[in-house]
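Participant: If you want the building blocks of each chain, they are given just below.
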Amino acid sequence: MRALPMGERALLVELADGIEAQALHAELLRRRAAGSLRVREIVPAARTVLLDGLDEPARVRAELPGWEVLPLPERAGAVLEIPVRYDGPDLADVAAHWGVSVPEVARIHAAAEFRVAFCGFAPGFGYLTGLPERYGVPRRATPRTSVPEGSVALAGPYTGIYPRTSPGGWQLIGSTDAVLWDHARVPAALLSPGVRVRFVPHGTPVNPTEAAPGLAPEGR
Amino acid sequence: MTDRAVAVVRAGALTTVQDLGRPGHAHLGVPRSGALDQPAARLVNRLVGNAPGAAVLETTLNGCAVRPRRPVTIAVGGAPCPVTVDGRPAPWGAPVRVPAGALVDIGAAVSGVRGYLAVDGGVAVDPVLGSRSTDLLSGLGPPPLADGAVLPLGTPSGPHARVDTVPQPAPPGELVLRVTLGPRADWFTGAALETLTTRAYRVSSASNRIGLRTEGPALERALTGELPSEGMVLGAVQVPPDGRPVVFLADHPTTGGYPVVAVVREADLAAAAQAPPGTPVRFVRAGRA
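If you read the sequences in order, they're chains A and B. To convert, note that position 105 of the first sequence is 105 in our numbering; the numbers rise steadily by one, no gaps. To convert, note that position 166 of the second sequence is 166 in our numbering; the numbers rise steadily by one, no gaps.
I should point out that these hints are in silico values taken from the structure, not numbers from a laboratory. Treat the hints loosely; a few may be bogus.
Said to hold, decoys possible - If you want the ones that stay clear, here's a sample from chain B, every Cβ over 10 Å from chain A, calculated:
# : residue
1 : Ser138
2 : Thr180
3 : Ile210
4 : Ala218
5 : Glu230
6 : Ala271
Claimed, not checked - Derived list of chain B stretches under chain A, where covered just means 3 residues or more per stretch with a C-beta under 8 Å from a C-beta of chain A:
# : segment
7 : 64–78
8 : 253–262
Note that the Cβ used here is the ideal one computed from N, Cα and C, for glycine as well.
Same shape as in the complex, but just chain A:
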């Protein structure tokens, strides 16, 4: 863990990987809720956590290495189920990258349990991790000028869902009617860092008791 000053009031904490970043994020939320940490923004990202709006950044920077950060619980809290149609225009490309058939892409994706590692790009856009490492895919060589709202997409190690129609370079594998962002709703964002997610193919009964046996170990 390395804490780098970022201006007068912020620290960018660098971790070894995304799992450590998510664990530190959870610890920071605990400390803020308990009142032992005063900070305006806690922003997890790929392998960093930004603390912005700190009263005493130097003190926090000095104390951070001495903190005990609990490992991320494997399974805690409810799993948010998001219905998805595996009908994206890039399914065949993804299947080719993975070396599997098109129906296998849907099966593999729906079998994984995801976690929102961080948010960004647009309000309500979450970067979901959980696919085994070998299923990473490159971004499209030429980004689309318009990706439809609700598109379920892959890039690098991440799965994401476009909260509104916008340009984008991710590989589109499906679509959902889930409302990712509604500022009149509390909370406005369906996905926030730490939320666990499973994709349920349309036509599959929601909340199956044994989802995709045999695939979970691959993700760890």
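Here the structure of chain A is known, so what remains is to put chain B in place on it, guided by the hints.
Facilitator: Positioned in the frame of chain A, the structure of chain B alone reads:
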């Protein structure tokens, strides 16, 4: 419709509703947003008796014109500009009583870029996540003003300030931005850091509420790899592949994948908001990270 409203007669190049923004939601990808020149927005609110966080109009270069449906007190600040009420000159930087139906015209900026119009009671569009600010990056808050739009006003809360005029900083002839190096200064060569803090830059015409773009010598990277996305702060000096520094302003993305070579002091960002394209920029070391 209630008469607690103003009609937009001339929207101007880019006029948005702004307050002090929506901090606390960066982890959801929501920028802070808010008035770019916060001291000016606070001042005009104080002049009309509003709370500091009341929503005002932020204009860009050529002002705007509105017609209140009831008698109101207004104040204009930020970039100096002519103000008229029904064609008669009215004071800038001071409270002005305006009768119902009169045309309030905020003229083109004489210097600077962004003007602020406060109306007593404040602009009362529906807040989103606790703020009425227009966020141009993510499309939160009301859209930029359009001719013919009608904006609701809140209830005036207190007496306006009893002043004739107040001092406001003049828009910068040269923009001096004090920076702290880091967190990714080590991604650049020593020569690049020397370049950043000694050479002359200029404000690019591609600047907007998201970032102040600069023209000048490119900063050479020492590390050429990809940086995984990481959290961004207001004032971050991000360096895209073309090597020209971009200073993140209120509507900046909350995460980004280009290295941040330095961070500008927040106190210097109001001047950055008022620097028109072509303004000389100097980045000055403010302290060691």
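Participant: Verify this label for me: Ser138 of chain B is non-interface relative to chain A, using a Cβ-Cβ cutoff of 10 Å.
Facilitator: Ser138 of chain B not clear of chain A: closest Cβ-Cβ about 5 Å, inside 10 Å.
Participant: Verify that the Cβ of Glu230 of chain B lies farther than 10 Å from every Cβ atom of chain A, and report whether the claim holds or is violated.
Facilitator: Glu230 of chain B not clear of chain A: closest Cβ-Cβ about 4 Å, inside 10 Å.
Participant: Are there three or more residues in the segment 253–262 of chain B whose C-beta lies closer than 8 Å to some C-beta of chain A?
Facilitator: holds (count 4)
Participant: Establish whether the coverage given for the segment 64–78 of chain B by chain A is satisfied; the threshold is a Cβ-Cβ distance below 8 Å, and no fewer than three residues must meet it.
Facilitator: It is violated: at least three residues are needed, and the segment 64–78 of chain B offers just 0 whose Cβ sits closer than 8 Å to chain A.
Participant: Would you check whether the claim that Ile210 of chain B is not at the interface survives, using Cβ distances to chain A and the 10 Å cut-off?
Facilitator: holds (13 Å)
Participant: May I ask you to check that Ala271 of chain B keeps its beta-carbon over 10 Å from the closest beta-carbon of chain A?
Facilitator: Holds: least Cβ distance 17 Å, greater than 10 Å.
Participant: Far enough from chain A: is every CB of that chain over 10 Å from the CB of Thr180 of chain B?
Facilitator: Per Cβ check, Thr180 of chain B is inside 10 Å of chain A; nearest 6 Å; violated.
Participant: Hey, is Ala218 of chain B genuinely clear of chain A, shortest beta carbon separation above 10 Å?
Facilitator: Check passes; 23 Å lies beyond 10 Å.
This entry does not satisfy hints 1, 2, 5, 7, going by the numbered hints stated previously.
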